[in-house]
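Asks: Protein chains in written order, with my numbering: chain G, 11 to 568; chain B, 18 to 424.
Careful: at least some of the hints might be erroneous.
[To be verified] Listed next, the in silico DSS-like pairs over lysine-lysine satisfying Cα-Cα at most 27 Å (straight line):
| no. | chain 1 | residue 1 | chain 2 | residue 2 |
| --- | --- | --- | --- | --- |
| 1 | B | Lys363 | B | Lys400 |
| 2 | B | Lys66 | B | Lys91 |
| 3 | B | Lys91 | G | Lys439 |
| 4 | G | Lys100 | B | Lys91 |
| 5 | B | Lys277 | B | Lys255 |
| 6 | B | Lys402 | B | Lys363 |
[Stated by the list, open to error] Using C-beta positions, here's what the derived DEER-type ranges look like:
| no. | chain 1 | residue 1 | chain 2 | residue 2 | range |
| --- | --- | --- | --- | --- | --- |
| 7 | G | Gln99 | B | Ala275 | 38 to 48 Å |
| 8 | G | Pro175 | B | Lys400 | 18 to 28 Å |
| 9 | G | Ser200 | B | Thr320 | 49 to 59 Å |
| 10 | B | Thr320 | G | Pro175 | 22 to 32 Å |
[As the list claims (entries may be wrong)] If you want a taste of the chain G side facing chain B, the calculated C-beta under 7 Å gives, among others:
| no. | residue |
| --- | --- |
| 11 | Tyr38 |
| 12 | Leu124 |
| 13 | Gly125 |
| 14 | Ser128 |
| 15 | Val132 |
| 16 | Asn135 |
| 17 | Pro142 |
| 18 | Gln187 |
| 19 | Thr190 |
| 20 | Thr491 |
Honestly, the hints are just simulated from the structure, not real lab data. Just so it is clear, CB atoms sit at the ideal spot from N, CA and C, and this is done for glycine as well.
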Amino acid sequence: MTSAAKATGLFLFLSCSVIAFAQSPLIYNRAVYNAASYMPAGLPNGAIAQGSIFSFFGSNIGPTPAATANSFPLGTTLGGVSVNIVQGQKVVSAIPLYVSPTQINAIMPSNAPLGLASVQVVVGNLRSNLSPVRIAGSAFGIFSALGNGLGEGILQNFISADNQPINAPTVTAQPGQAITLWGTGLGPVSFADTVAPTPGNLPVKTEVFVGGVSAPILYNGRAPCCAGTDQIVFTVPNNAPSGCWVPVYVRTGGTTVSNFVTMAIGPQGQTCTTDVLPQVTSSFVNGTRLAEALFTRTTTLQDIGVLKPVEVASDYYVAFAFQPNVLQFPFNPALAFPPGGSCTAYTLYGDMINGFGLPGMPPTTMPLDFGPPFQLTGPRGSKTMSQTYLLAQAGYFGGSIGNGVLSSSLFLDPGSYTLQGFGGADIGKFSTNFNIPQPPTWTNRDQLVVVNRSQPLQISWTGGDSGQRVAIIGIGEDIPTNSSANFVCMAPPGATSITIPPDLLSNMPPSRLNALQSKDIIYMLTLSGTSVQPLAASGLDQGLTGFYSIIGKTVFFQ
Amino acid sequence: MTIRFTRGMKLMGAGIALSMVWFVLEACECDETKEQNFPGFWVTCVGNKPTLMTYNDNSATIVAQSSAGNFDPKDWDCGHDANSPSYKGSQSTAPFTISTPSGPGGPSNARGHQAAQASSQGVAAYLPQVLRLLPFIPQAKIIGPTTCDSTFPDVFRTDQLDAQVTRIGTCPFQVKARISVPPNPLQVAVTPDGTTAVVTSFFNAISFIDLSSNRVTFTLNTDSSINPHGLAISPDGKRAYVTSFNTNNAEVLVIDMASKQILTTIQTIAYPQGATLTPDGSQLWITSPLGNVVDIIDTLTNTRVSGRSITQATDVAFNSTGTRAYITSNPNSVVVVDTGTYQVIKTYTVGQGPTDIAMSYGDGFLVVTCQADGTTWIIDLVKNKLTSVQMTQNPTGDVPSGIAFVH
């Protein structure tokens, strides 16, 4: 390239830079989050705490290349970018830590005004729009290994001062072991947010729960290394459950509940196990070849926002085979069930029922080829599982809607079944028998209308079969703010009831008076014990059948 | 003219809508191969065949294994790695990312962004679909109510020339009341609690009607330079927003519903006409057919967020979650805006002179009235199909205008 060409290129580069810089900064709508939890602002605890790190997104809100604050004292301007927090006539400066054209991470100053306020970016002499933010004294978020506020938390197992590995399914903790949890949002500090934090416990009441068991707290305050970043050091309770994905959350001020992350508890240094479908967990963690053929009957009573209560039943199937990649932090919200007797929770910006899955759910590993569609034979004859959906055999067998809307075409009645596979490039032929039992009865379902989020919620059932596992799943969606939350509670083996603690309900969005603006439902999901049978075929390390009875009820969350 | 239904009608219709629409399996007959430049496409190997993939919402979906648009399976080789194809040309010129799904969501959706990051780390997940799609409901025909009762809603209509608002029962369909208001009434809206109707009159007045007595209980007379036109009431019923269809005094009046007084005014584009709030009430979108702009206002601070240049924009409808805005634009378009990024993402072509637009419950259908050619258009957002109906014009030559759904 000639000098002239280089000069021309430089000129063009500068021209583009000027043009890019001159474009007005714009903060996107609903784009301000706790940097650790990513909890949607529309949920009860979706506020930003004074003194915490928050992230927001937009266009032209920072320079190219991005700039990072690397040394103390921090400033209120970084890379020519400053961030204002505006409430009426009061304006305070946030402390930017990372600025880029599309994302900014900053510390909400400890003296920021509480309540509804606005965030504004100033890039050079250009001001962005004002974007709403809710500021609270405390709203804690736990950092997670996947960086999205769920899954394995950033929790360090304390072995020695110079040996504190991050907890993971292959790096388990033991009861009694000290753990350092990383997060942001404990609350304001008395010293400047711009300097290296002074160690010391913060005054906010801080509690950590591991598998639902309160853990002794050793320290709760800023991390000395890092402005806006909190450390909570706790001890794994002796009666905490073991498992690969034991739920962990933080409650501050007695009522404000963080996001839920997980930690692995078990024999030190060995891979964990789970008490629900351990063969699936093993395959998921160790990357062995797994196949599942699952069948569901969902029966949901919809009696809120409808003219007449109506019961809707549907039979579905899904069959797949894959070999997961071996990951340091394997997590899938639908595989990582909490241990029996414990609960976890998730939040999402989006529609958790119909629109969006949780992060980690979408498939990325391509399926193994098991040949032509399977055939299922049972009391109502034979059906070919010919539909494909999302790279699996997945489809609809039949259904019914009460009140004479749709006559029954249900297929998965109780009885004995035979599932046949005909073999493909990766998986060989097989034939396996399994049983679909009479489903359990959710005894207090029809009485459940209003769920008080501040009170324990008891769910009871009878019947089913031996070895069944019951999970209670609640989903709440606030449609106008496009925010969703859910909880998952796994009953202990053999239980006939479970109590959902208020902490699990606290981030469910309260139902709106207009029933059309909320979607709130509770399911009792039962994996039949006798339906789980080996699916033995060449090319597989693990294979199983399973039948889920899913009973649902619409509710109000109050 | 804008027609509003009362809360009773909404609740009545809700039953059917909720039971039929709420729990429907996702379905999309979109021809996604036409959107070649969407960054969510990538190529991977399925059964050792090069396969074009994309996301349907947050779920990976096969688009094609045969030629489709820029995708030609002959350009890719699955012989070396069953999961990661190699591009036979230059990697830098490959039309699609190779086996690295960027995922849905975009920068405004941090969790979506994070989800894509997480999924790209190879977490396999087929089982969750069982849970994610619950509860299921089979598709079924809607059985509608056939017997009139007191729960059926009323419709309110402004009569510009007669300076009155007409309250019409819908079952049976008959006039219940005619209520006199100041000259040239243009828009009417009912508060969320169903107790009060607010009416804008172009000639300097805003009326408040007590719906229990069908009487005007208060008239807010404005300055002569203010010409009330567009109208929106906040979801909590505490604020009304009224546009002044004027160029010298182009503003939005923010009215306190309790005191019925003007709290403040917001300067906006010339000749502001339509006023539509997002479902959560956090933003007010103002249309100006003469200004060729849609102005977006943050209702917390009453400041301007952004604006979009849209030709002769007349009306705005939002989906229920407020993530999409649908704007009628002359001469014959509906412009779709991503309300996260404020970018135009799609345009539908409809009839001539679209004036009003409304979204059905469940976000399945948009209805658009087109005054210039007398058509009403239905946009099926699930199937991405448009159909139109030529409305029968009555003897006075009226054309379709104003839409309301039975919710």
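Asks: Would you mind marking each hint as holding or not holding in the structure?
Replies: Going through the hints against the structure:
1. Distance check on the hinted pair: Lys363(B) and Lys400(B) sit about 15 Å apart at the alpha-carbon level, within 27 Å; holds.
2. Pair hint Lys66(B) plus Lys91(B) holds up; C-alpha atoms about 10 Å apart against a cutoff of 27 Å.
3. With a CA separation close to 32 Å, the supplied pair Lys91(B) and Lys439(G) exceeds the 27 Å bound.
4. For the hint pairing Lys100(G) with Lys91(B), the CA-to-CA distance comes to about 62 Å; that exceeds 27 Å, so the pair is violated.
5. Taking the CA atoms of Lys277(B) and Lys255(B), the gap is about 10 Å. The hint holds against a cut of 27 Å.
6. A hinted pair counts as satisfied when its Cα atoms are at most 27 Å apart, and Lys402(B) with Lys363(B) qualifies at roughly 13 Å.
7. Between Gln99(G) and Ala275(B) the C-beta distance comes to about 24 Å, which lies outside the given range of 38 to 48 Å.
8. The hint said 18 to 28 Å for the Cβ distance between Pro175(G) and Lys400(B), and at roughly 52 Å that hint is violated.
9. Range check, Ser200(G) to Thr320(B): Cβ separation about 33 Å, and the 49 to 59 Å hint is violated.
10. Range check, Thr320(B) to Pro175(G): about 49 Å between beta-carbon atoms, so the 22 to 32 Å window is missed.
11. The interface hint given for Tyr38(G) holds, since its Cβ lies 4 Å from the closest Cβ of chain B, which is under the 7 Å cut-off.
12. Against a cut-off of 7 Å between C-beta atoms, the interface hint on Leu124(G) is violated, since the closest Cβ of chain B lies about 15 Å away.
13. Given the 7 Å rule on beta carbons, the hint for Gly125(G) is violated: about 11 Å separates it from the nearest Cβ of chain B.
14. Against a cut-off of 7 Å between C-beta atoms, the interface hint on Ser128(G) holds, since the closest Cβ of chain B lies about 6 Å away.
15. Interface restraint check: Val132(G) against chain B, minimum CB-CB distance 14 Å, threshold 7 Å, status violated.
16. The criterion of a C-beta within 7 Å of any C-beta in chain B is not met by Asn135(G), whose closest approach is roughly 18 Å, and the hint is violated.
17. The criterion of a C-beta within 7 Å of any C-beta in chain B is met by Pro142(G), whose closest approach is roughly 5 Å, and the hint holds.
18. Among the interface hints, the one on Gln187(G) is violated; its C-beta lies about 27 Å from the nearest C-beta in chain B, farther than the 7 Å criterion.
19. The interface hint given for Thr190(G) is violated, since its Cβ lies 23 Å from the closest Cβ of chain B, which is over the 7 Å cut-off.
20. Interface hint at Thr491(G): satisfied, since its Cβ lies 5 Å from the closest Cβ of chain B, which is below the 7 Å cut-off.
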